[in-house]
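Chemist: Chain residues, written in single-letter form:
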Amino acid sequence: MNTIEDFILKIESEFDELEPGKLKPESSFREMFDWNSINALVLIAMVKTEYDVVINADDLTKAKTVNDVFKIITSRIK
Amino acid sequence: MALFTLQNLQLSGIAACVPSKEVNNMDYKWISLKEREQLIKTIGVEKRRVVEKGTTTSDMCQVAADKLIEELNWDKSEIEVLVFVSQTRDYYIPQTSSILQDKLGLPQSCIALDIALGCSGYVYGLSVIGGLLNSFGLKKGLLLVGDISSLNAAYRDKSTHPLFGDAGTATAIEIKDGAKPIPFNLQGDGSGHKAIIIPDGGLRNFLSKKSLDYKTVSPGIQRSKLHIHLDGIEVFNFSLREVVPNIKTLLSYHNETLDNIDHIVFHQANKLINETLRKMLRVDKSKMPLSIQKFGNTSSASIPLTIVSELKETIKGKDSRLLLSAFGIGLSWGSTIIQTNNMVIPDIIEYTKPSKR
Chain A
1 MNTIEDFILK IESEFDELEP GKLKPESSFR EMFDWNSINA LVLIAMVKTE YDVVINADDL
61 TKAKTVNDVF KIITSRIK
Chain B
1 MALFTLQNLQ LSGIAACVPS KEVNNMDYKW ISLKEREQLI KTIGVEKRRV VEKGTTTSDM
61 CQVAADKLIE ELNWDKSEIE VLVFVSQTRD YYIPQTSSIL QDKLGLPQSC IALDIALGCS
121 GYVYGLSVIG GLLNSFGLKK GLLLVGDISS LNAAYRDKST HPLFGDAGTA TAIEIKDGAK
181 PIPFNLQGDG SGHKAIIIPD GGLRNFLSKK SLDYKTVSPG IQRSKLHIHL DGIEVFNFSL
241 REVVPNIKTL LSYHNETLDN IDHIVFHQAN KLINETLRKM LRVDKSKMPL SIQKFGNTSS
301 ASIPLTIVSE LKETIKGKDS RLLLSAFGIG LSWGSTIIQT NNMVIPDIIE YTKPSKR
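Line by line, the protein sequences are chains A and B.
Under the working numbering, think of the first position of the first sequence as 1, with each following residue one higher.
Under the working numbering, think of the first position of the second sequence as 1, with each following residue one higher.
Same shape as in the complex, but just chain A (with noise of 0.2 Å):
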C-alpha cells in the first residue's frame, strides 16, 4: 500500500529514536532526529527494500520533508 501513512510506518519502523506518532508529512526529516550519513544510508536502505526504488544522495540534499521523499519514491515505483 503507497499511501504516506504506511511510509511514515517504515521509517518509525526502522528507527528506534523516532517516537511514534511524530512525524509528520510536513515534518522536515533532518530535524526529526540526528540526522547522518548512516541514517541516510538506513533510509536508503529501506526504500529500496520496500519499494524497489533507489534515491540518492541528491535526491536527499533537495528533499526537505517526509512528503517530497515520499513524492520522489511514488514517481520512480514500475
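Quick caveat, the hints were computed from the structure, so don't treat them as lab data.
Model, not experiment: these values are computed from the prediction.
A few of these clues could be false.
[What the hints assert, rightly or not] Within a straight-line C-alpha distance of at most 20 Å, the following computed SDA-like cross-link-like pairs (lysine to any residue) qualify: (1) B/Lys285 x A/Val42; (2) B/Lys225 x B/Arg89; (3) B/Lys41 x A/Tyr51; (4) B/Lys41 x A/Leu18; (5) B/Lys34 x A/Glu14; (6) A/Lys78 x B/Val244; (7) A/Lys10 x A/Tyr51; (8) B/Lys76 x B/Arg156; (9) A/Lys10 x B/Leu272; (10) B/Lys53 x B/Arg156; (11) B/Lys316 x B/Ala179; (12) B/Lys140 x B/Lys225; (13) B/Lys41 x A/Val42; (14) B/Lys194 x A/Asn56; (15) B/Lys279 x A/Glu12; (16) B/Lys312 x B/Leu72; (17) B/Lys285 x B/Ile40; (18) B/Lys271 x A/Phe15; (19) B/Lys271 x A/Thr49; (20) B/Lys215 x A/Ser37; (21) B/Lys318 x B/Asp262; (22) A/Lys64 x B/Ile233; (23) B/Lys76 x B/Leu138; (24) B/Lys41 x A/Lys78; (25) B/Lys271 x B/Gln293; (26) B/Lys271 x B/Asp231; (27) B/Lys287 x B/Asp231; (28) A/Lys78 x B/Ser218; (29) B/Lys215 x B/Leu226; (30) A/Lys71 x A/Val42; (31) B/Lys29 x A/Ser37; (32) B/Lys279 x A/Asn39; (33) B/Lys41 x A/Asn36; (34) B/Lys279 x A/Asp52; (35) B/Lys29 x B/Thr42; (36) B/Lys312 x B/Ser12.
[Unchecked claim] Partner residues are not named here, just some residues of chain B that face chain A (Cβ under 7 Å, in silico): (37) Val128; (38) Leu240; (39) Lys279.
Idealized CB from N, CA, C, for every residue including glycine.
On the provided structure of chain A, position chain B as indicated by the hints.
Modeler: Just chain B now, kept in the frame of chain A:
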C-alpha cells in the same frame, strides 16, 4: 558480458591470517558514544584487526600460504603459478608477487604476477588463476589475496577509519579432471572510479607537500589526499543496483537456483549493505555468513576470511556449494559458484611481528 565457465578446477584449500592486534570501535573516541553505538549496530563493525607498523599484506599472505601448503602436503616445486591480488603492495615497484615467490621458496619456473584489485579481487583472482591453469596446461596454483586498508584511512575520518580491517589469505587451486564447472559473471564500470580513491601519490597526481594537508570535508571527516576517500552513499547505491542482477544473471546462465546453493558469501562491505542484499535475494540469515563484526571490511580478503572464520566447521567434510559475490572499488564486481569438496581449511592464523634478531 564476461559470463564464462571454467572446467576441471578444484579449490583444494583456503587459509587466512589476521593481525593479532585487535581494536574495538567502542574505543573510537573521534566520534561520540552515541555515534559509536550506531556505527556498530548499523555498519556492523565491532572489532577490527589492524597491522603493526612494518607489517604488510604479503607478510600475512606468506604465513597463510605456508600453513596451507603444509596442511595440503604440497610439494613447493610443483607450484607453477602465484597470483597476488591486493591494493596494498609492499612497494610502489617492484611487484609483490616476486617477493612472495622468493620468500615462499617457490621455484623460478613459477609464474608470479600482481593484480591490483580490491573488494572484487577474490572472485576476479579465482577466474584469472583458473584461466591460467587451464589454458597454460599447468597443474597447481596459489592465489594470495589481502589488504591492509587500515593504513590508508585517516583516524579523523569517521567514514573510513572504523570500517577497515586487515587480513591476508591463501587459496590453493589445482586441475582436477571431472570437477564441477565453475561459472563466473564479471563486470565493471570505471566511470565510478572516484567513488573510492586515494587521490594523490600516484602518477596522475604526484605526491606534493599539499598532499599531506588535512581538510575538513564534512563534520567528522578530516583527511589528506593521501588517505582513502569513500563516497558512502554512491557505493551503497551502486551495490544495491548491481549486485543482485549480477547474481541472477549468473544463476540463469548456469541453470542454477538459490535453493541449490548452501551459502552465499558476500564481500563484507558493511552490515547494512549485506543485510539489504540478503533481503533483496530473499534468503535466510543462516545462508549468509557475516564476519564483519569481528574483522571489519578487509577489502579483497573478506570472502576467503569469511569462509575460514564462519563456514569452516559447517562445510567440513561436505561438498557444499557456495555462491561468492564481490563488489566495490573500481567500480568492479562479480560472482561465482564454487564447490568445497574436501577443502582443507586451517584455523585462522594470528600474525605477530617476528622480533628482531
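Chemist: With reference to the structure, classify each hint as holding or not holding.
Modeler: Hints and how they fare:
1. B/Lys285 x A/Val42: With Cα atoms ~19 Å apart, B/Lys285 and A/Val42 stay inside 20 Å; holds.
2. B/Lys225 x B/Arg89: holds, 19 Å
3. B/Lys41 x A/Tyr51: Not satisfied, since the Cα-Cα distance of roughly 23 Å exceeds 20 Å.
4. B/Lys41 x A/Leu18: holds, 16 Å
5. B/Lys34 x A/Glu14: holds, 17 Å
6. A/Lys78 x B/Val244: holds, 17 Å
7. A/Lys10 x A/Tyr51: holds, 11 Å
8. B/Lys76 x B/Arg156: At roughly 44 Å apart (the allowed maximum being 20 Å), B/Arg156 and B/Lys76 break the hint.
9. A/Lys10 x B/Leu272: holds, 16 Å
10. B/Lys53 x B/Arg156: holds, 19 Å
11. B/Lys316 x B/Ala179: holds, 18 Å
12. B/Lys140 x B/Lys225: Outside the cut-off at roughly 41 Å; violated.
13. B/Lys41 x A/Val42: holds, 11 Å
14. B/Lys194 x A/Asn56: Within the cut-off at roughly 16 Å; holds.
15. B/Lys279 x A/Glu12: holds, 19 Å
16. B/Lys312 x B/Leu72: holds, 16 Å
17. B/Lys285 x B/Ile40: Holds, at about 18 Å.
18. B/Lys271 x A/Phe15: Given pair B/Lys271, A/Phe15 holds - Cα atoms ~16 Å apart, limit 20 Å.
19. B/Lys271 x A/Thr49: The given pair, whose Cα atoms are some 15 Å apart, holds under the 20 Å limit.
20. B/Lys215 x A/Ser37: Given pair B/Lys215, A/Ser37 holds - Cα atoms ~19 Å apart, limit 20 Å.
21. B/Lys318 x B/Asp262: Holds. B/Lys318 to B/Asp262 sits at ~11 Å (cutoff 20 Å).
22. A/Lys64 x B/Ile233: Distance of about 18 Å is within 20 Å: holds.
23. B/Lys76 x B/Leu138: Holds - the C-alpha atoms of B/Leu138 and B/Lys76 are around 14 Å apart, at most 20 Å.
24. B/Lys41 x A/Lys78: violated, 32 Å
25. B/Lys271 x B/Gln293: holds, 8 Å
26. B/Lys271 x B/Asp231: At roughly 17 Å apart (the allowed maximum being 20 Å), B/Asp231 and B/Lys271 satisfy the hint.
27. B/Lys287 x B/Asp231: Roughly 29 Å between the alpha carbons, so the hint for B/Lys287 and B/Asp231 is violated.
28. A/Lys78 x B/Ser218: violated, 35 Å
29. B/Lys215 x B/Leu226: Within the cut-off at roughly 11 Å; holds.
30. A/Lys71 x A/Val42: holds, 18 Å
31. B/Lys29 x A/Ser37: The hint holds at about 18 Å.
32. B/Lys279 x A/Asn39: holds, 19 Å
33. B/Lys41 x A/Asn36: holds, 14 Å
34. B/Lys279 x A/Asp52: holds, 11 Å
35. B/Lys29 x B/Thr42: holds, 18 Å
36. B/Lys312 x B/Ser12: Satisfied, since the Cα-Cα distance of roughly 13 Å is no more than 20 Å.
37. Val128: With a minimum Cβ separation of about 32 Å from chain A (threshold 7 Å), the hint on B/Val128 is violated.
38. Leu240: Status holds, d = 5 Å.
39. Lys279: OK, holds: B/Lys279 within 7 Å of chain A, min 5 Å.
Checked against the numbered hints given earlier, the structure breaks hints 3, 8, 12, 24, 27, 28 and 37 and satisfies all the rest.
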